[in-house]
Amino acid sequence: MAFSLTAQLTTGTRTIDPSANRIWWNGATFGTNIPLSQYQDSTHISDTDDTHVCLTNHVNNTKYLGVSTVSVNGSASSSLPIDTGSCGLKLTFDTSDLGGASVATSGATFYAYDGTNDISPMSGVNFQAAEGGQSTHWTNANGSASALPLVDQSAATSHDFYIATSVSPTSIGAKTGKIKFVLTYI
Amino acid sequence: MSLCWVATLSDGTQEWEHEGEYEVLPGERLPWVRLTENLRDRDQHLVSLDLVIDGKWIHLPSREWSQFSTGKILLPIFYSLSYIVESEILMGIQHSESYIDVVAHFENFQVHLIVNAEDEETWIQVSEDFNPMAPTPSVS
Chain H
33 MAFSLTAQLT TGTRTIDPSA NRIWWNGATF GTNIPLSQYQ DSTHISDTDD THVCLTNHVN
93 NTKYLGVSTV SVNGSASSSL PIDTGSCGLK LTFDTSDLGG ASVATSGATF YAYDGTNDIS
153 PMSGVNFQAA EGGQSTHWTN ANGSASALPL VDQSAATSHD FYIATSVSPT SIGAKTGKIK
213 FVLTYI
Chain F
47 MSLCWVATLS DGTQEWEHEG EYEVLPGERL PWVRLTENLR DRDQHLVSLD LVIDGKWIHL
107 PSREWSQFST GKILLPIFYS LSYIVESEIL MGIQHSESYI DVVAHFENFQ VHLIVNAEDE
167 ETWIQVSEDF NPMAPTPSVS
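Protein chains in written order, with our numbering: chain H, 33 to 218; chain F, 47 to 186.
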């Protein structure tokens, strides 16, 4: 199987190299901190040297306003579900490594965790996630027990999952952890 | 690592993944799904299911004779198989793990054999209420 990750930008898209790029959730501009208990105002891509990559055409920013409302790229509040094209991330699972077989997916989930134990939340953050075109409310997908469930997909050789994220610090200081995508297929 | 399933059908025949009609074909469902479809079309079921990993056999609970006397033997009523893949992303890393989950289904519970496709680490897990994606026909 093969995973690929695409950042959906305010204009166009950009393929993410997961081993060379990072996603940033920031205040008003790249590298600025999100104030305590508030959600991000901008989303960016950097390389592993923390050099800003998306410059003036940033990742779609989906800011949590309430359990079922969002501000997309600074616009007025709107209700979930978020349009797939307005989500910041597109995860693609294809079967190029499986001889191009056609597979159905089930039980896909997306979550953050502390980087050691999947069930342990990333410390000091709320990590809201929603599936584009599907989720009618945000899920605080921090720890595998609170994972965002993604809709099952019928048989195909490629599957796209559109995900919106919104992050808020609950304590001051740098945060560490990992983000994981899991699915079952046959 | 080489890994394949071997299924013994109710008519006594044995089918191997990656052989004969159970090769992976572009645009087609995986061999396991095609096996379940053929079983239904032919009104057959499985009597046993094995994994062969680098030439070593792992036998799931079977409806066939057991060479071990371990008390009352419970017989599975059907089997299922699926694959699980996990990928860590977004934080400047890319790490994926993949697993095969082979399941023997009993009346009220399921026995899972889960194998990491890269390093062969293996788990046996018992569940209830597991709803499989691609089950074989039940024993009638």
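Quick caveat, the hints were computed from the structure, so don't treat them as lab data. Treat each hint with caution, since some may be false.
Pairs of lysine to any residue, SDA-like flavour, derived with a Cα cap of 25 Å [unchecked claim]: (1) H:K210 to F:E134; (2) H:K210 to F:V70; (3) H:K207 to F:E134; (4) H:K210 to F:T116; (5) H:K210 to F:K118.
Against the structure, the hints come out as follows:
no. : hint             : in the structure
1   : H:K210 to F:E134 : holds, 7 Å
2   : H:K210 to F:V70  : violated, 33 Å
3   : H:K207 to F:E134 : holds, 17 Å
4   : H:K210 to F:T116 : violated, 44 Å
5   : H:K210 to F:K118 : violated, 46 Å
Violated hints, listed in ascending order, are 2, 4 and 5; each of the other numbered hints is respected by the structure.
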